[in-house]
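Undergrad: Chain residues, written in single-letter form:
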Amino acid sequence: MTAWAPWAVAVVVVTALPAVLSAFQIVQLTVFMIYSLLALSLDLIWGFGGILSFGQAAFFGVGGYCYGIVGINSGSTALALTAGVAGAAGLAALLGYFTFYGRVGSMYFAVITLTVTLILHQVMGTTADPRYAVGQARLGGYNGMTDIPSLALEVPGRAPLTLDPVPLFYVVGGLLLLVLALTRVLVQSSFGRVLAAIREDELRTELLGYDPRWRKLVTFAISGGIAGLAGGLFAGWGNFMNPQVFSMFQSALVVIWVMVGGRGTLYGAVVGTLVVQFLTNYLGTASVTYTTVALGAVLVVIVLLFPRGLLPAVEGAVRRAVGRPAPAPEFAR
Amino acid sequence: MDFVAVTAFGILYAIATLILLALGLAVIFGMMGVINLAQAEFLMVGAYTVLIATAHGASVWIGIAVAPVVVGLLGLVIERTIIRFLYGRILDTMLATWGLSLGLVGLVTLVFGPTTEGIATPLGHVIIGRYRLSEYSVFVILMAFAGLGLTYAVFNYTRFGLVARATMQNDNMVSALGVNPARVYMGTFAFGAALAGLGGAVIAPLTGVVPTLGLAFIAKIFITVIVGGPVILLGTTTSGAVLGLVESLVSYSSTPIYGQVAMLAVAIILLRLLPQGISGFWRRGV
Amino acid sequence: MNDVVLQARGLVKEFGGLRAVDSLDFTLRRGELRCVIGPNGAGKSTLFKLLTGQLKPTAGTIHFKGVDVARLQPHEIARAGIGIKFQVPRVYDGLSVAENLWLSARFRHGVAGAGAIVDRVLAEIGLVERRASFAGHLSHGDRQWVEIGMVLTSDPDLVLLDEPTAGMTHAEARRTADLVREINRRATLIVIEHDMDFVRNIAGYVTVLHRGAVLAEGTMEEIRANDVVRDIYLGKRPRARS
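Protein chains in written order, with the working numbering: chain A, 21 to 353; chain B, 2 to 287; chain C, 2 to 243.
Everything labelled a hint here was simulated from the structure, so no lab data went into it.
Don't be surprised by glycine CBs; every beta carbon is placed ideally from N, CA and C.
Heads up, some of the hints might be wrong.
Said to hold, decoys possible - Some chain C residues well away from chain A (every beta-carbon gap over 10 Å; in silico):
| id | residue |
| --- | --- |
| 1 | Gly-17 |
| 2 | Arg-31 |
| 3 | Thr-62 |
| 4 | Glu-77 |
| 5 | Val-92 |
| 6 | Gly-95 |
| 7 | Ala-174 |
What the hints assert, rightly or not - What the simulated footprint calls covered on chain A by chain B, stretch by stretch (three residues with Cβ under 8 Å from a Cβ of chain B suffice, anywhere in the stretch; the number is not a length):
| id | stretch |
| --- | --- |
| 8 | 122-135 |
| 9 | 212-222 |
What the hints assert, rightly or not - For each label pair, taking beta carbons as the anchor points, the in silico distance ranges come out as:
| id | chain 1 | residue 1 | chain 2 | residue 2 | range |
| --- | --- | --- | --- | --- | --- |
| 10 | B | Ile-53 | A | Asn-301 | 49 to 59 Å |
| 11 | A | Ala-337 | B | Pro-123 | 54 to 64 Å |
| 12 | B | Ala-147 | A | Asn-301 | 18 to 28 Å |
| 13 | B | Thr-82 | C | Val-229 | 57 to 67 Å |
| 14 | B | Val-70 | A | Val-29 | 40 to 50 Å |
| 15 | A | Leu-197 | C | Val-89 | 42 to 52 Å |
| 16 | C | Val-229 | B | Leu-274 | 38 to 48 Å |
| 17 | C | Glu-77 | B | Arg-90 | 49 to 59 Å |
Between the sequences and the hints, there should be enough to build the whole structure, so can you do that?
TA: What follows is the structure, encoded as structure tokens:
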């Protein structure tokens, strides 16, 4: 199978799905693909950068709120989406500056990113009063920000055309494949190889002459930007944002998606997200509490039994059963 | 004059709460080098212990006395069933305790429901000029000192403490001396959990008891411990004092939420300057 | 003065109250092969970390090719042309042999030139066949060679070797001595070593460290004739290693 074959299959599948699925399923799959983008953002920084961020939900939320604020005030959703990406990437860059240039340890980094998320949750929760507004956009506290404009096609000289579910599905699916392809190019580039070296042994890489600090900063900012893109799309998809996007549950969910799919493969993050979301949907959303207990248990079990990820463990077992060894590492030219 | 006294008391109270709630996590972090993300749920279980005790007719004081035992045992069970398999894998330990945190919140919600239960605050008030101070807050401050004293005593005057300090310096050496470091980590984790149980029990009458009780404190506790760094008592006390002061001053002039935001900002700047935490300058110790 | 490649003056490193390196002066000429010896705690590894930027000195200067590098970041010092080989081979176990070499080659030779250098060095260290293997799957000896290969591809002006013969058999140590001389034809070398036979074998100029300062300098014969050195170091158990 050549390298582009899986991509061709993916494009065909995404194109064909609206023909076979119901409108409701299309809407749902759209949000799962948005979540997949979020999972992808974590896999980039964790799987390739070796830096565990508990704060991807924060960038997702910031991206969504930025989309809402700019979208409501300007009416342009293209501008709003750009603002979502920029806002989240900016926050990630700021945090990355203080942590990577301060050389704080990986555990401190994880705790700080989680703390930022938790505090954003509380801060956004206190914005119920109408005086907390940016221009026309009311933040709305725990009731959330409402009337966020749907993603629209904007051609200069014409009225913006709000995207229906199927075109929106294509836009999100296209963006997911595009981001997947771009991150793949990034991790296989010269930059990506040095990043892998930093993940393997940071001091050794420094002593070979590479500055790990800005490389981590850039990677984290890109990761934050992707999470922000997902947040913006989410806000445009549901016309609504509330502080629950910053909750412990949501933050943990992102980690679980990537742990199920296996980190360091990119496509694994997408598969993991789709599997977890379809399963939780299938098992029913009768009680959030049961889901919380189940996800908590899943997290503990995966860490204890399948630290490399659930699907890679399954894949490994299948390979052993079939008798085909794992592929050799990619060779550097 | 009264205002100054009351404000000073308020700041002292904020610092003491922070230290009391963070101490257990600081013990686990200082000794084992891992952040236990389920620590907030240990506080919550401590608070529920008091709730159950009072519901069965016992006094709040009995509940506060029992809570460290209950949560200490819970910590022991968790260490034996989960944590001990993950030594040396710091981030995996964090992930597992995170799962534990979600699971405990979920389980307690299933059993007790998501509502907040109140516990009547014991003790009365003292009047200072135009202000009323609750005597219970004096008790909270005393308990923070008691927690610090207890930790100091355990690590300095007991055989466990001696072995624990030696393990912290060099666990290979201790193994060579015939002490099993795993036992020390087990004891440390249980002790850290017990301290959290105490903290959660003490604040239960003030906050009310709810499955998400820990969420209100967890951000503050994490910040305090990582800013404090690896030296348990000195680090926690210093960072608790600095951050508690920042938090209460900002909270007085705006809202408690911005107090936390200010804490976080100060913490991030401090870590930029002192990446090992305030006490990172000193060697590891108690 | 022009041929001085490295000069440390008044170098001090304190940990808490302890002075691990105490007013150390050290000069190295271009092309020199210098062995640094000393008992445990003499400050050898602290000096190593100061020279590579892993530690910042409390006081003093380190001039490398005329520039003070004492307070630069490790990667800046590496780029200035100081390469290092650790005692326990420190290679990327999760990357292939070729990738390991590519990483060290990229700086001096650019992305375009790195490939050719990697091929050449792979042949030199005898690992052409294993180029696509994970470094972590190689034997201890081969991993030593991978790291030596990394030093060769990065083409530094000054190479620091930390106990290159640690854990080696006699035959391997002899082969390493040849290699040390080979590297020395291209670069200035500092070798930290415990093994006196090896030091004698590579026949370099010797610096003896004691309590963070230079106790004596000279050829191996001069050092062996030095009573003070013998008292604190050689006189005891020269082969003792802990």
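Undergrad: Hints first: check each against the structure and report whether it holds.
TA: Going through the hints against the structure:
1. Taking the minimum C-beta to C-beta distance to chain A, about 20 Å, the non-interface status of Gly-17 of chain C holds against the 10 Å cut.
2. For Arg-31 of chain C, the non-interface assignment is confirmed: its Cβ lies about 21 Å from the closest Cβ of chain A, beyond the 10 Å cut-off.
3. Against the 10 Å criterion, Thr-62 of chain C stays outside the reach of chain A, whose nearest CB is about 21 Å from its own CB.
4. In this structure Glu-77 of chain C is not separated from chain A by more than 10 Å, as the shortest Cβ-Cβ distance comes to only about 8 Å.
5. A Cβ of chain A approaches the Cβ of Val-92 of chain C within 10 Å, the least distance being about 8 Å, so the stated non-interface status is violated.
6. Residue-level check failed: Gly-95 of chain C sits 5 Å from the nearest beta carbon of chain A, not beyond 10 Å.
7. For Ala-174 of chain C, the non-interface assignment is confirmed: its Cβ lies about 24 Å from the closest Cβ of chain A, beyond the 10 Å cut-off.
8. Under the rule that three or more residues need a Cβ within less than 8 Å of chain B, the assignment of the stretch 122-135 of chain A holds, with 12 such residues.
9. Proximity of the stretch 212-222 of chain A to chain B, defined as three or more residues with a beta carbon under 8 Å from a beta carbon of that chain, is not established by the 0 residues found.
10. Between Ile-53 of chain B and Asn-301 of chain A, the C-beta spacing of about 36 Å breaks the proposed range 49 to 59 Å.
11. Against the hinted window of 54 to 64 Å, the Cβ-Cβ separation of Ala-337 of chain A and Pro-123 of chain B comes to about 58 Å, which satisfies the hint.
12. Checked against the given bound of 18 to 28 Å, the beta carbons of Ala-147 of chain B and Asn-301 of chain A, roughly 50 Å apart, lie outside it.
13. In this structure the hint that Thr-82 of chain B and Val-229 of chain C lie 57 to 67 Å apart at CB holds, the actual value being about 60 Å.
14. Between Val-70 of chain B and Val-29 of chain A the beta carbon distance is about 59 Å. The supplied range of 40 to 50 Å is therefore violated.
15. The hinted window of 42 to 52 Å between Leu-197 of chain A and Val-89 of chain C holds, with their beta carbons roughly 44 Å apart.
16. Our hint of 38 to 48 Å for Val-229 of chain C and Leu-274 of chain B holds, since their Cβ atoms are close to 44 Å apart.
17. One distance hint, 49 to 59 Å for the beta-carbon pair Glu-77 of chain C and Arg-90 of chain B, is violated here, with the actual separation near 33 Å.
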